[in-house]
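Q: Listed below, chain by chain, are the residues.
Number of protein chains: 2
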Amino acid sequence: MKAIGFKKSLHIDEADSFIEFEKEIPTAEGRDILVKIEAISVNPVDYKIRKNSLKDTQQDIPKVIGWDAIGTVEATGDEVTLFKKGDRVYYAGDLTRDGSNQEFQIVDERIVGMAPKNISIEQAAAMPLTSLTAYEILFDRLQLNKEKDKDKTILIIGGAGGVGSVGIQLAKKVLGLSVIATASREVTAEWCLKMGADHLVNHQDLVSEVKKIGFEQVDFIVDFVNLNEYWDAIVELIKPQGKIGSISDPTGPVPLNQLKKKSAAFYWELMFTRAMFQTEDMIAQHHILNQISQLLDEGILQPTMNTTLDGFTAENMKAAHRLLESGKSVGKLVVKF
Amino acid sequence: MKAIGFKKSLHIDEADSFIEFEKEIPTAEGRDILVKIEAISVNPVDYKIRKNSLKDTQQDIPKVIGWDAIGTVEATGDEVTLFKKGDRVYYAGDLTRDGSNQEFQIVDERIVGMAPKNISIEQAAAMPLTSLTAYEILFDRLQLNKEKDKDKTILIIGGAGGVGSVGIQLAKKVLGLSVIATASREVTAEWCLKMGADHLVNHQDLVSEVKKIGFEQVDFIVDFVNLNEYWDAIVELIKPQGKIGSISDPTGPVPLNQLKKKSAAFYWELMFTRAMFQTEDMIAQHHILNQISQLLDEGILQPTMNTTLDGFTAENMKAAHRLLESGKSVGKLVVKF
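Chains as they are written, first to last, in the numbering used here: chain W, 2 to 338; chain V, 2 to 338.
These are calculated hints, taken from the structure and not from any lab test. Check each hint, because a few of them may be wrong.
All copies of an identical chain are treated as equivalent in the list; a pair is satisfied when it fits inside any one copy or across any two copies.
Lysine-lysine pairs mimicking PhoX-like chemistry, simulated, CA-CA at most 20 Å apart [said to hold, decoys possible]:
id : residue 1 : residue 2
1  : K319      : K86
2  : K262      : K49
3  : K49       : K261
4  : K195      : K24
5  : K329      : K8
6  : K8        : K263
7  : K24       : K213
8  : K240      : K329
9  : K85       : K147
10 : K118      : K85
11 : K261      : K37
12 : K174      : K151
13 : K240      : K262
For clarity, every value in this text was computed on a predicted model and none was experimentally measured.
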């Protein structure tokens with residue numbers, strides 16, 4: 002089968018930043034299923050790993066990354082109970098195993114969901130990683146729920162990115178929160194409104210932007226951009242006993258003590274934690290993905306895909322990473338096989 | 002009435018580190034009640050404020066601190082609904098108002114509870130601040146509950162202090178957790194076992210101490226001593242998706258990013274947050290104190306008082322602070338009026 006990977010961390014414009022190569026189709030054992038991939042999407046984690054994981058070393062067999070795929074089940078391990086051959090499934094996968102930049106992939110059934118049926122394959126391919134991340138941070142980490150939190154206010158830092166796009170929708174349409182999203186360009190502002198944001202603020206001078214639209218403080222803040230950069234604003238804007246979540250890549254220590262006076266809570270979300278540590282509750286991701294499928298099929302959530310590249314080629318993988326690395330992409334980018 | 006305070010932050014051995022003086026009895030208005038105090042207890046927050054709040058300045062009227070009292074209601078403001086004259090009440094109070102080192106005090110009824118009936122006045126005086134802190138961190142911050150958390154494991158850093166003594170009991174007797182407490186001297190170890198700890202560990206080399214007794218990781222960690230000092234151990238010992246709480250006085254920034262891989266949560270607890278910010282739910286402290294009274298009266302919680310000084314004098318206040326500042330006290334110290 003065909004796979005695309007890299008032997009060394011290279012600038013995306015270099016010839017070998019992505020290489021097409023042949024690989025054996027793996028065998029599904031235990032709780033693994035073998036999936037024939039039909040489309041994938043790219044996420045910031047992809048280029049971060051491409052640029053950093055093989056910086057100081059080189060490997061003979063190219064490293065296969067990519068953590069978003071849709072496809073059909075080709076074979077099942079002997080302990081598989083959730084899926085059968087022919088099911089169309091979607092998933093983000095496991096950071097500790099090969100990714101989805103290949104024609105066939107094995108993945109643990111507990112982190113796989115039934116794909117949505119009423120949206121296109123490309124649209125569905127864009128959803129798993131961002132939906133799992135946005136769902137986990139709001140429901141599993143901050144433990145928000147409609148009963149007790151309806152009409153409370155959430156500030157979403159980074160509304161137009163992949164996770165922000167699903168985050169705004171879940172916060173607004175499923176939890177009934179009042180949603181303030183940061184969006185600083187016209188195209189991102191329009192996108193956030195389309196996702197359901199109630200208020201938009203510029204990320205620069207965030208504190209006065211939020212106060213200007215009538216909020217002294219907010220109940221919840223989730224950061225999808227840069228925790229260190231927004232720390233001071235977060236400390237000022239969070240309500241006493243408020244909840245703060247982040248998925249961003251920390252660039253240094255933070256003065257956590259500044260939150261003590263308010264008895265505030267801080268939650269990390271990493272979508273890979275459950276699979277990486279094989280937590281007892283890792284099957285939660287199966288249930289979350291099924292729920293996301295249902296919300297998409299019922300039209301409650303709208304797809305966040307914005308760009309499709311046709312054909313699983315090294316050139317398309319380069320184009321995909323190049324766009325994502327520019328930081329200018331809005332919504333999600335999908336590569337159709 | 003008599004009050005005891007200080008005009009300047011002084012070493013406890015200096016003559017004027019505490020001064021007795023006369024003060025007008027205040028009037029209860031609104032939701033405030035006026036309490037005739039019968040006994041108080043001291044907490045680390047007392048000497049921290051005595052030592053630091055008037056370091057660079059001096060005031061004419063002595064500053065009155067102290068946040069633990071039991072007494073009887075003498076008068077009620079016109080909006081008071083929870084208490085009537087003659088009720089015996091106990092409370093920790095509000096950091097932004099005068100404390101309980103005086104014969105009469107006004108306090109908002111929403112942070113006051115009915116005193117326990119089956120234990121002594123001195124024993125009851127020792128409970129409010131530490132019980133509120135321990136209860137809030139376990140139930141309101143980490144959101145632990147018996148149904149879902151029974152038999153999970155909590156590591157309590159600082160088991161023999163005031164908050165630790167109640168924390169061990171609530172974790173063990175009310176939540177049904179398996180409790181590991183740090184205690185490094187014979188007297189503190191005995192005390193922690195008396196409070197209900199299942200396992201004791203030395204605070205030095207905490208990681209290997211915990212592993213030695215058979216735990217690779219723990220579900221919850223609460224720090225009542227020093228977050229910076231134990232940070233590395235906390236990062237290593239917490240389970241993926243685990244919960245960490247702290248009440249300690251932070252000495253510097255922390256590398257919060259180290260918890261991201263595990264998607265762990267961090268909670269601050271400051272007992273004064275609710276009153277300080279007049280949060281909508283500040284009446285929660287009334288309910289918590291009533292529940293603590295019931296648990297004490299039913300013999301489920303045992304009192305944590307260990308030392309009583311007889312007489313509300315500057316000499317006794319000095320003795321109380323001196324003992325607390327030594328860091329060697331076990332359980333709680335009470336001054337009886």
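Q: Does each hint fit the structure? Answer for all of them.
A: For each hint, the structure was consulted:
no.: 1; hint: K319 x K86; in the structure: neither (32 Å within a copy, 78 Å between copies)
no.: 2; hint: K262 x K49; in the structure: between (36 Å within a copy, 15 Å between copies)
no.: 3; hint: K49 x K261; in the structure: between (33 Å within a copy, 16 Å between copies)
no.: 4; hint: K195 x K24; in the structure: neither (42 Å within a copy, 63 Å between copies)
no.: 5; hint: K329 x K8; in the structure: neither (27 Å within a copy, 60 Å between copies)
no.: 6; hint: K8 x K263; in the structure: neither (49 Å within a copy, 29 Å between copies)
no.: 7; hint: K24 x K213; in the structure: neither (57 Å within a copy, 45 Å between copies)
no.: 8; hint: K240 x K329; in the structure: neither (32 Å within a copy, 37 Å between copies)
no.: 9; hint: K85 x K147; in the structure: neither (34 Å within a copy, 38 Å between copies)
no.: 10; hint: K118 x K85; in the structure: within (17 Å within a copy, 64 Å between copies)
no.: 11; hint: K261 x K37; in the structure: neither (50 Å within a copy, 32 Å between copies)
no.: 12; hint: K174 x K151; in the structure: within (10 Å within a copy, 34 Å between copies)
no.: 13; hint: K240 x K262; in the structure: within (11 Å within a copy, 27 Å between copies)
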